[in-house]
Amino acid sequence: MINPTSATYLGIPGVAIFVVVLLAALGCFCYIIYCRYLLLALGKWEPLRLDHLVQRVWGTIYYAFLQRKMFKEPIAGIMHALIFWGFLAVALNTTHMVIRGFVEGFSFLPGFLETPYNHFKDAFEILVIVGILIAFYKRGIQKPERLTYSWEAWLILIFIFILMVTDFAVSGVEAANGKEGLGFMGVLMGQAFAGLDIGTLKAIHYPSWWLHVIVLFAFLNVLPLSKHFHIITSIPNVFFRTLEPTGTIKPLNLEDESATTFGVSKVEEFTWKAIFDAYTCTECGRCQDQCPAHATSKPLSPRNLVIDIRDNAYQRVPLFRKQVPGNGGNGGSGEGAEQPKEQPKLSPLVVEGKEYPPASGGHTEHNGTIISETFWSCVNCGACQEACPVFIEHIPKILDVRRYLVLMESKFPEECITTFKNIETNYNPWGLSYETRDAWAEGLDIKRVKEGEPPKLLFWVGCAGSFDERQKKVTIANAKLLKAAGVDFAILGNEEKCNGDPVRRIGNEYLFQTLCKENIETLKKYGVTKILTQCPHCYHTLKNEYPQFGGNFEVFHHTQFLSGLLREGKLTLTKVTKMRVTYHDSCFLGRHNKVFSEPREILKNIRGVEMVEMGRRREKGFCCGAGGGRMWMDEKIGTRVNRNRTAEALALNPDTIATACPFCLTMLDDGVKDANAEEKVKVLDLAELLVRSL
Amino acid sequence: MGNILVIAEQSKGSLKKASLSAVTFAKSLAGKAGGEVHILVMGSGIDSVAKELAGCGAKKVWVADDPGLKDYLAPACAQVAAQVAKDCGASVVAATVTAMGKDLLPRVAAKLGAGMLSDIIDFVVEGGNIIFKRPVYAGSIVAHVSLESDLKVVSVRGTAFEAAKKDGAPAEISKVSVSVDPSQSKMKFVNFEEYKSVRPELTEASIVVSGGRGLKSAENFKIIEGLADLLGGAVGATRAAVDSGFCPNDLQVGQTGKVVAPTLYFAIAISGAIQHLAGMKDSKVIVAINKDPEAPIFQVADYGIVGDLFKAVPELVEEIKKAKA
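Here the protein sequences come in this chain order: A and B.
Residue numbering for the first sequence follows this note's numbering, starting at 1 and increasing by one per position.
Residue numbering for the second sequence follows this note's numbering, starting at 695 and increasing by one per position.
If you're looking for bench data, these hints aren't it; they were derived computationally from the structure.
The model shown is predicted, which means the values in this text are computed figures rather than measured ones.
Note that beta-carbon positions come from the ideal geometry of N, C-alpha and C, so glycine has one too.
Calculated cross-link-like contacts (lysine-lysine; reagent style DSS-like; alpha-carbon spacing at most 30 Å):
#: 1; chain 1: B; residue 1: Lys753; chain 2: B; residue 2: Lys780
#: 2; chain 1: B; residue 1: Lys706; chain 2: B; residue 2: Lys880
#: 3; chain 1: B; residue 1: Lys754; chain 2: B; residue 2: Lys710
#: 4; chain 1: A; residue 1: Lys421; chain 2: B; residue 2: Lys952
#: 5; chain 1: A; residue 1: Lys673; chain 2: B; residue 2: Lys910
#: 6; chain 1: B; residue 1: Lys764; chain 2: B; residue 2: Lys860
#: 7; chain 1: B; residue 1: Lys952; chain 2: A; residue 2: Lys673
#: 8; chain 1: B; residue 1: Lys978; chain 2: A; residue 2: Lys421
#: 9; chain 1: A; residue 1: Lys421; chain 2: B; residue 2: Lys827
#: 10; chain 1: B; residue 1: Lys860; chain 2: B; residue 2: Lys1016
#: 11; chain 1: A; residue 1: Lys673; chain 2: B; residue 2: Lys985
#: 12; chain 1: B; residue 1: Lys978; chain 2: A; residue 2: Lys473
#: 13; chain 1: A; residue 1: Lys680; chain 2: B; residue 2: Lys1005
#: 14; chain 1: A; residue 1: Lys673; chain 2: B; residue 2: Lys916
#: 15; chain 1: B; residue 1: Lys721; chain 2: B; residue 2: Lys753
#: 16; chain 1: A; residue 1: Lys483; chain 2: A; residue 2: Lys530
#: 17; chain 1: A; residue 1: Lys447; chain 2: B; residue 2: Lys975
#: 18; chain 1: B; residue 1: Lys721; chain 2: B; residue 2: Lys780
#: 19; chain 1: A; residue 1: Lys673; chain 2: B; residue 2: Lys975
#: 20; chain 1: B; residue 1: Lys796; chain 2: A; residue 2: Lys421
Facing chain A, from chain B, some residues (calculated, C-beta under 7 Å):
#: 21; residue: Ile968
#: 22; residue: Ala972
#: 23; residue: Pro990
#: 24; residue: Gln993
Chain A is nowhere near these chain B residues, computed Cβ spacing over 12 Å in every case:
#: 25; residue: Met695
#: 26; residue: Gly696
#: 27; residue: Pro800
#: 28; residue: Glu820
#: 29; residue: Ser873
#: 30; residue: Gly926
Start from the sequences and build out the full structure, keeping to the hints where you can.
Here is the structure:
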């Protein structure tokens, strides 16, 4: 058999054409990747995340190579895994195909592996085709809302399909020509081609091979131009994923005197990792499917957010224009870089607005510009990050922009002013006098911390637990349970201050750091080492974010602590209460901190409880609507998150909805009242349920 | 000490009652620091206003009656007021804090080269020196301030001084000769559009009547409006009532709505969730009507009725009507 490159085409030697095509393809690819690198360099420097290497490597195997997050959507997961694994299996064969353009019959494999590998790759090529057919079905017939629909996706699917089919054709010709050691598909195709004369075989072989290599090169170049860039970036993105609990916010260095701005209003103010996240988004929309803001018709779709950031970023380093040197590069643009006189028109990343203007281009019709309401819509529930198969971090991006809007522009929902002011003056969001913080404890014989006598356990009551009449009942229940179990504990009394979660999540990092530092000082003054909270927001912030400022404490949520007391037999439940209970997972307790089983364990311990679970639970729990500072903002757009959640709970016909968070309690209680169900359904904290069964 | 000149306000030939607070201030100051009280009123065809003011216990009422002063324009009025202040030998010029007072007094002070203080709620006289009291930081602190200039211009908070009674000996009425040519002014009077407000502004009302989810419908919400109108108060609502469409969004009182601090606050069918309390906790007297005796609103209420609002409110309305009659 003659190699396709050894023939001449219009008098030009095939190998010359192949060399030109190969160099053009590689050159083009390198140039695009170089532009993408320049864009990364435009972003702020963030050290490469190389800590916990074993965990990172294992995560990369587990999540990237084994595709574990993909299977949460079974059909799409199988579809993707077949194509992905197929790619890995076929990669060697593809390399062979290219090299065979120069060296006929080239192979890296020792002879005895040739046949097994050919069977192996043939099998995977069939599976890839199955995967493609599933993709055709999903994209063409089923059309789920979460996907974006563009020609890119079709082009790539067709490319992959051509790669598979042309490989079969080439193998078939080789088999028909008497080559040994081919895979089963090659043999099968060979039988189909048997008896054809050499001219016809060449007429099949040459176009198939050329098509294969040209499509391969085109494919390579389409990758970094499309959402299929993820094929290159997702494995490193999984490796560099955050290992902190999701929802943990990085501190801002407010004392940095060289800082000219805080937060993010332009793409180049993001770190390179945030831009890399945007490269990696495959527009699969799993995030959007889980997003409470999207489900209630707010302008936020985490998918569109990331795509818009990417669209905006690509305008900064365009492929076909003179590059605009940015100001934030960490050595990318050198000293000699001139500012061009005429700046090309760039879309702003953020504009004020509550509604997107009519279609204006770009992948989402937003042309790379995001309206401010998008950022205010977020409840920080982390459902998007949990759903994202490639570990894109949405919340930090949203927080970065909120920080800019609050700290630099003072543009935020005006109702937050009340909350800021109240926390500044009375250290609680409602502005009730700080001197009445411990009023709930009156007559209950509760110890206060004393200097020189470090408490064994500090009960961090929180603002809701101290001031909200409803949540005070939970506080008292917790205090009673601790006493019943003989736990020695103390409270800070009026020296406790808001932990800072509400203001930090709204973007007021300055006020947060003030509160955080003051609280750490107080806690250290009394020698506190172990803290019990009854609010997942206090819990998350004290546990995961106070260490950023030197506050290292052992922190428990009351559901963890109480389930521990039950396990140790320190609490004995005697009463039987007939109840049909469903438990609502708080995002900051559940998804962010993975406390799923302890609350359920408590319910199992209460005799007479019949537990019913909602569909959206545990990792897929649906927010109450109050996270991310939304508790302190009006919800005027779309429908209400709390009503959506309450409806799901009420559909189970429970008589009790159990929670473990003061915000969830408020939101669900409101939801139950809105549904006129307050006569039939009570919303109670797990501590209240426990104390009733003592 | 010299005399005290009060600039009174009139509109379309009738006296603005708020001006009488400044007259009381002036009389009280004259009593402690000496000097005569003079009143200036400006406008066109305002004889009756001048007569009314003459009965308020001032020494002299200055009347600037000129067609050019028919419509209030600050530059012309400031010119006249500064002239009269000089003519009557004033050492203090005062007016009540109203839209006009706020607009006019700084101009008068500038023309006279006088020191100026706004929003006076009280004063003391110590050794011939007047120390004025005025609230700062939204009322959390009262500042004691004295003006070093010989001539002092102050605006007086209306609610801090009672209206002057019209029981004094008739004052001398003196015409001020002015000739104002409005066409010479840089400021032109275009139109006066009166905003007909049935109810006072929610955040400024001294009485607020608020309704909650327990009202059940927009139709029933009229009960709240009825009580508010009877008391001359503003209408408020909880987020739940706003969400349920009982009333417009801008009536929402609470953490994410308006923050109010009236003298009297009615919480009707409001459970008193903390998000609502945050918006009304600083009210002086809180009256709650709720059928649930456990409702947190009773923790903050000064007076409470545990009962059905549909019975309690109509009865309350009847009693108020009787008391008013």
